[in-house]
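Keeping their order, the protein sequence lines are chains Z and H.
Counting in UniProt numbering, the first sequence runs from 1 upward without gaps.
Counting in UniProt numbering, the second sequence runs from 1 upward without gaps.
No lab work stands behind these hints: they were computed from the structure.
The structure presented is a predicted model; accordingly, all values stated were derived computationally and were not measured.
C-beta atoms are modelled at their ideal positions from N, C-alpha and C, and glycine is treated no differently.
A couple of the hints might just be wrong.
Unchecked claim - Here are some chain Z residues the structure puts well away from chain H; computed CB gaps all over 12 angstroms: (1) G9; (2) R40; (3) L87; (4) G94; (5) E121; (6) E125; (7) T132; (8) G147.
Said to hold, decoys possible - Selected chain H positions facing chain Z (Cβ under 7 angstroms, derived; list incomplete): (9) A3; (10) P5; (11) M31; (12) T32; (13) H67; (14) E84; (15) G111; (16) H122; (17) V126; (18) N140; (19) L195; (20) V199; (21) S213.
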Amino acid sequence: MSTPSQTVGPYLSIGLTWDSGPYVVSPDAPGAVWLRGEIRDGAGEVVQDALVETWQAGPSGEFHTAGFRGFGRCPTDDDGRWAIRTLKPGALSGQAPHIAVTVFARGLLHRVYTRLYFADEPANESDPVLATVPATRRPTLIAARTGDGYRFDITLQGPDETVFFAV
Amino acid sequence: MSAHPPLLSPGYKSTILRAPSEAPLLLAQSMTELTGPVLGEGPVAAADADLTLGQGGEAQGQRIVVHGQVRDADGRPVRNTLLEVWQANAAGRYLHKWDRHDAPLDPHFTGLGRTLTDADGHYRFVTVKPGAYPWGNHPNAWRPAHIHFSVFGQAFTQRLVTQMYFPDDPLFRYDPIYHSVPEFARDRLVAAFDLTATVELWALGFRFDIVLSGASATPMETR
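Can you build the whole structure from these sequences, using the hints too?
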């Protein structure tokens with residue numbers, strides 16, 4: 001009897017934008033990094049009315065760590081870009097460090113779900129979720145190291161389509 | 001059978017270039033999926049549950065009370081979860097820079113509300129009935145009156161964004177967003193008129209219950 005999902009529509013920023021949304025941790029938190037990316041559609045155009053949400057363990061690999069919200073939310077801007085300030089999660093038992101990423105947008109009748117992994121993590125080689133992803137598509141789940149954090153672009157449709165998961 | 005709409009629903013044009021073409025991969029759920037943010041009372045003030053008192057005045061339109069219960073697929077109430085709503089005003093206009101519909105803005109209508117469900121999963125807010133408005137999807141396209149809802153649930157897999165509609169709207173039969181949902185589940189998006197929630201001489205009442213998916217999958221991790 002689940003309630004069906006519906007699109008957030010083009011005006012999602014009215015209800016879903018918070019000033020603190022992009023800040024999982026304060027800008028000056030020791031070890032904080034920026035996760036940055038852009039979102040593109042099947043024509044390669046940037047998506048200006050999307051919203052990215054993230055959920056993750058803290059640096060110890062535990063969820064619901066005291067003082068660490070674990071949740072980030074950022075709408076895309078006129079260039080289709082989002083940015084979230086956070087701490088890199090620790091390894092979770094049996095899994096490489098990762099962050100859950102979900103995307104809402106006009107034209108998405110249900111949110112899509114993916115995972116962000118970190119390019120500089122040897123544990124990716126043995127991660128049980130990455131192992132289920134065809135090798136050719138696996139790079140869409142790996143965030144690249146940048147000067148101030150990591151870059152994770154999302155493509156909703158097309159040859160470079162991000163791998164999404166059913167949850 | 002899923003109650004959710006297929007991502008590719010071509011009657012709603014924006015899905016054509018945004019729906020992923022590949023089927024989603026199955027994911028054994030782990031703590032990442034089986035937990036979710038507990039946002040608590042930090043972002044919410046009591047006044048946030050009333051959309052009709054912006055800038056020191058009263059919003060125009062038909063005042064309504066919307067209430068309901070949030071439950072999970074097993075019927076358990078989802079307590080202390082953040083519920084966010086946003087909507088057009090009584091004239092069918094959103095307070096957003098991209099909304100160019102030639103209808104008046106209302107300085108006293110905030111357009112957004114936030115509240116937490118109580119210990120029994122109940123919520124209640126006060127607003128005005130939103131107007132229908134035109135959109136460019138097809139000739140004579142007007143959206144049925146609706147309120148956008150966002151609910152977190154207790155696990156990241158329960159996260160839901162949906163729209164609440166009003167009973168007997170003549171625009172249902174023409175609206176591809178409403179029709180994107182499988183027929184058997186469409187009624188779940190329509191609030192019920194609720195005389196018991198109506199406030200004498202003040203507001204009409206509607207009830208909209210929300211059922212989130214289950215969160216009872218077996219975790220992949222051992223702890």
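Results of checking the hints against the structure:
{"no.": "1", "hint": "G9", "verdict": "violated, 6 angstroms"}
{"no.": "2", "hint": "R40", "verdict": "violated, 10 angstroms"}
{"no.": "3", "hint": "L87", "verdict": "holds, 15 angstroms"}
{"no.": "4", "hint": "G94", "verdict": "violated, 6 angstroms"}
{"no.": "5", "hint": "E121", "verdict": "holds, 15 angstroms"}
{"no.": "6", "hint": "E125", "verdict": "holds, 18 angstroms"}
{"no.": "7", "hint": "T132", "verdict": "violated, 6 angstroms"}
{"no.": "8", "hint": "G147", "verdict": "holds, 27 angstroms"}
{"no.": "9", "hint": "A3", "verdict": "holds, 5 angstroms"}
{"no.": "10", "hint": "P5", "verdict": "holds, 4 angstroms"}
{"no.": "11", "hint": "M31", "verdict": "holds, 6 angstroms"}
{"no.": "12", "hint": "T32", "verdict": "holds, 5 angstroms"}
{"no.": "13", "hint": "H67", "verdict": "violated, 15 angstroms"}
{"no.": "14", "hint": "E84", "verdict": "holds, 5 angstroms"}
{"no.": "15", "hint": "G111", "verdict": "holds, 5 angstroms"}
{"no.": "16", "hint": "H122", "verdict": "violated, 16 angstroms"}
{"no.": "17", "hint": "V126", "verdict": "violated, 16 angstroms"}
{"no.": "18", "hint": "N140", "verdict": "violated, 19 angstroms"}
{"no.": "19", "hint": "L195", "verdict": "violated, 23 angstroms"}
{"no.": "20", "hint": "V199", "verdict": "violated, 24 angstroms"}
{"no.": "21", "hint": "S213", "verdict": "holds, 5 angstroms"}
Consistency with the previously given hints fails for numbers 1, 2, 4, 7, 13, 16, 17, 18, 19, 20, ordered from lowest to highest.
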